[in-house]
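Asks: My request is simple: use the sequences and hints to build the entire structure.
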Amino acid sequence: MLEIRFHGRGGQGTVLAAKMLADAVLRSGRGECMAIPEFGVERRGAPVLAYARISDKPIRVRSRIYAPDAVVVLDPVFAASEGVVHGLKPGGTVIVNSEKSAEELSALRPGFRWVPVPAKAIALKHGLGSQTSPMVNTAICGAMVAGLGVADIESLEKAVREAVPVKVEQNIAAAREAYEAVKGRLHAAAH
Amino acid sequence: MKKTLMGNHAAAVAVRLARTEVVAAYPITPQTQVVEALAEMKASGEFAGRFVKVESEHSAMACLVGAAQTGVRCFTATSSQGLAYMHEMLHWAAGARLPIVMAEVNRALGAPWILWTDQTDSLAQRDTGWLQFYCSSNQEILDTTLLAFKVAEELSLPVMVNYDGFTLSHTYEPVDVPAQELVDRFLPKHDFALALDLADPKAFSALPKPQEYFRLRRRMAADMGRAHQVIASVEDEFARLFGRSYSAVEAYKADDADALLVTTGAPASTALDAVDELRKEGFKAGNLRIRQFRPFPAEALRAYARPGRNLVVVDRNFSMGQEGIFCEELKSALYPLKERPQVFGTVAGLGGGDITVELLKEIWLDAKQGRGDALQPVWMEDAR
Amino acid sequence: MPRLTEDPLKTPLIIAGGKPMSANKTGNWRSARPVIHEEKCTGCMICWKFCPEACVTIEGELPKIHMDWCKGCAVCVQECPVDAITLENEEAP
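Top line first, the protein sequences correspond to chains B, S and C.
FYI, in the numbering used here the residues of the first sequence are 131 to 321.
FYI, in the numbering used here the residues of the second sequence are 12 to 395.
FYI, in the numbering used here the residues of the third sequence are 5 to 97.
Think of the hints as simulated: they come from the structure by calculation, not from any bench.
Since we're looking at a predicted model, the values are computed, not measured.
All residues carry an ideal CB built from backbone N, CA and C; glycine is no exception.
Wrong hints could be hidden among the right ones.
Said to hold, decoys possible - Below are the DSSO-like pairs computed for lysine-lysine, each with C-alpha atoms no more than 27 Å apart in a straight line:
1. C:K75 - S:K200
2. B:K297 - B:K219
3. S:K13 - B:K187
4. S:K264 - S:K372
5. S:K264 - S:K53
6. S:K13 - B:K288
7. C:K14 - S:K213
8. S:K14 - S:K53
9. S:K213 - B:K187
10. C:K75 - C:K53
11. C:K53 - S:K213
12. S:K342 - B:K187
13. S:K13 - B:K297
14. B:K230 - B:K313
15. C:K23 - S:K213
16. S:K372 - B:K219
17. B:K219 - B:K187
18. S:K200 - S:K213
19. B:K297 - S:K264
20. S:K342 - B:K219
21. S:K342 - S:K295
22. S:K220 - C:K23
23. C:K44 - C:K14
24. B:K187 - S:K295
25. S:K64 - S:K200
26. S:K220 - C:K75
27. B:K288 - B:K187
28. B:K297 - S:K53
29. B:K297 - B:K313
To be verified - Using C-beta positions, here's what the derived DEER-type ranges look like:
30. S:A385 - B:Y196: 27 to 37 Å
31. S:E292 - B:A237: 51 to 61 Å
32. C:G64 - S:A210: 27 to 37 Å
33. S:R237 - C:P56: 52 to 62 Å
34. C:T9 - S:P318: 27 to 37 Å
35. B:T262 - S:Q333: 51 to 61 Å
Replies: Here you go:
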């Protein structure tokens, strides 16, 4: 079982990111995924948590996640904050919306596998959201699929198509661009 | 076909599949997406029934009391304060023998103002004459809603389908959405013998004599009594058609267990992992899930009662001045037995506190060792 | 003797009278009767609107109170803006 925690802000589509991931996992036939919003009032701008569990067996545990295997950070402000790595297992993956490099982030908080993606720039390039509130969730999903290897990009595209209400093609393009960016960087690092 | 659905959407999809004819509902967190999804389905033409906007939950149920009297299939959804506001009409729906189905998303009651889960809202409606089910997964929400229509229509009694606010209502997971043809076979058009007929006007439920009222209540009690059998046979038919089976009490690794957790709702799903972890650690743990609360499955529960084998109930609800409500009901079910096990009460997660694998393991270990004081409920939480 | 032994499932599910509520004539509840003075009546229909028993109908221009159902509550007497309705003693039939 892979347990993931999401950090974002109200209005960024954090819960939808977890849902799209769950749907992509189901569609790619690699198992089951449960996407769990942190239970609270929806308030734009307030810090928001969500969780996801991925398993090849039916998932029965229905609590919050206290020791995640991976963390996904939608808001660059939180990028390398203490809260983001709280409880994260040693060596755990952090998919993060950041212009910084993996090395820079590792230097700030060593002991984890940092996977940065410039999600804000990608979102804005595809006309998703504004400078003050970019809609980064689909780009983040692309990065997750590449960085965690839990689903294929085609399944994610279908999940995005079903989940986003507007700018469907732009959202898919953002997911794909983030996917390629992370994939390319991981590939380069492996060689 | 499997789809990624939140619990609230699973309920709404079931209502559409059941070809429900009238929905009257008022939105309230954490039920809102049930109403939203049905309104959207209505706007897109996917849902062919009437959607009646109302100014309150009391009006929602009043509207359905009228609609159901004409023999149409009816649904509403609510939560917490909304259910409390509907209370008066719940008695009427049951007494008038109207097969209304309701999704009730368990949420704690204020004061103080609170949104998270707790079952006291629906359990406080236990004497209204509604059947009550408690779901443990989103699949079960969809399936139980379909089952509920059939059971309600066979018994002429309303049914409440309960599930945990946020923990199920807002969590997305794969749900197998059955084909419309299959649902049509399971749920043919409802033929309501008591339906209002304009050509033959009658006065419904006008003042009876005390002797008549007494016998009407006895009739209702008898129908609640035979509900056990009716529900079991509807569940059998459901299993044959859809391949998923349910029962009033679902036991997990109970046969050789030294002590049993007794759980309901979403924590009953987490409890399965707790049992498996305890087993791995060498303990003979087991779990009983109570899925049906009204009628209370006393007989099914007695089958698991062995003297010397402690039972520990995990209640995410509380009756002030008494104890956890499932614990109280279980004790009363076991009392007629000559030899009884110890029943311990645990109160956990009121107002949405997390009921984790770790917490459930502690609760089981505590019960297995035998508590000093079995008379008082113990309040336990996972401090994280 | 005090124990009910009949099969409870033989009891009907509900009480549903073979007659509509209009068959329940409530006129004999009345101890005083409203009388409309047609010369004063303006046909404003306020009595029709306020009658809690819904036993006022409009016949042409003027209201008529149906004594088979009128309970003699006198709401119409109170509400009539031109005092065209008075309350008279009811006499035993």
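Asks: A separate judgement is required for each hint: does it hold in the structure or not?
Replies: Outcome of the hint check:
1. C:K75 - S:K200: 43 Å, violated
2. B:K297 - B:K219: 36 Å, violated
3. S:K13 - B:K187: With a Cα-Cα distance of about 15 Å, the restraint between S:K13 and B:K187 holds, given a limit of 27 Å.
4. S:K264 - S:K372: With Cα atoms ~15 Å apart, S:K264 and S:K372 stay inside 27 Å; holds.
5. S:K264 - S:K53: 44 Å, violated
6. S:K13 - B:K288: 14 Å, holds
7. C:K14 - S:K213: 21 Å, holds
8. S:K14 - S:K53: It holds: about 20 Å lies between the C-alpha atoms, which stays within 27 Å.
9. S:K213 - B:K187: 57 Å, violated
10. C:K75 - C:K53: Distance of about 16 Å is within 27 Å: holds.
11. C:K53 - S:K213: 25 Å, holds
12. S:K342 - B:K187: 36 Å, violated
13. S:K13 - B:K297: It holds: about 25 Å lies between the C-alpha atoms, which stays within 27 Å.
14. B:K230 - B:K313: Holds: B:K230 and B:K313 sit about 17 Å apart, inside 27 Å.
15. C:K23 - S:K213: 5 Å, holds
16. S:K372 - B:K219: OK: S:K372 and B:K219 at ~22 Å, within 27 Å.
17. B:K219 - B:K187: It holds: about 22 Å lies between the C-alpha atoms, which stays within 27 Å.
18. S:K200 - S:K213: Satisfied, since the Cα-Cα distance of roughly 24 Å is no more than 27 Å.
19. B:K297 - S:K264: Violated. B:K297 to S:K264 sits at ~50 Å, over the 27 Å cutoff.
20. S:K342 - B:K219: The hint is violated at about 43 Å.
21. S:K342 - S:K295: Holds, because 23 Å separates the two Cα atoms, which is no more than 27 Å.
22. S:K220 - C:K23: Cα-Cα ~17 Å, so holds.
23. C:K44 - C:K14: Roughly 58 Å separates the two Cα atoms, so the pair is violated.
24. B:K187 - S:K295: 23 Å, holds
25. S:K64 - S:K200: Holds: S:K64 and S:K200 sit about 24 Å apart, inside 27 Å.
26. S:K220 - C:K75: 22 Å, holds
27. B:K288 - B:K187: This hinted pair holds, its Cα atoms lying about 23 Å apart.
28. B:K297 - S:K53: 24 Å, holds
29. B:K297 - B:K313: Holds: B:K297 and B:K313 sit about 24 Å apart, inside 27 Å.
30. S:A385 - B:Y196: 27 to 37 Å: For B:Y196 against S:A385, whose Cβ atoms are near 31 Å apart, the range 27 to 37 Å holds.
31. S:E292 - B:A237: 51 to 61 Å: 40 Å, violated
32. C:G64 - S:A210: 27 to 37 Å: With a Cβ separation near 30 Å, C:G64 and S:A210 satisfy 27 to 37 Å, so the hint holds.
33. S:R237 - C:P56: 52 to 62 Å: 42 Å Cβ-Cβ, so the 52 to 62 Å window is violated.
34. C:T9 - S:P318: 27 to 37 Å: 36 Å, holds
35. B:T262 - S:Q333: 51 to 61 Å: 53 Å, holds
Of the numbered hints listed earlier, those contradicted by the structure are 1, 2, 5, 9, 12, 19, 20, 23, 31, 33.
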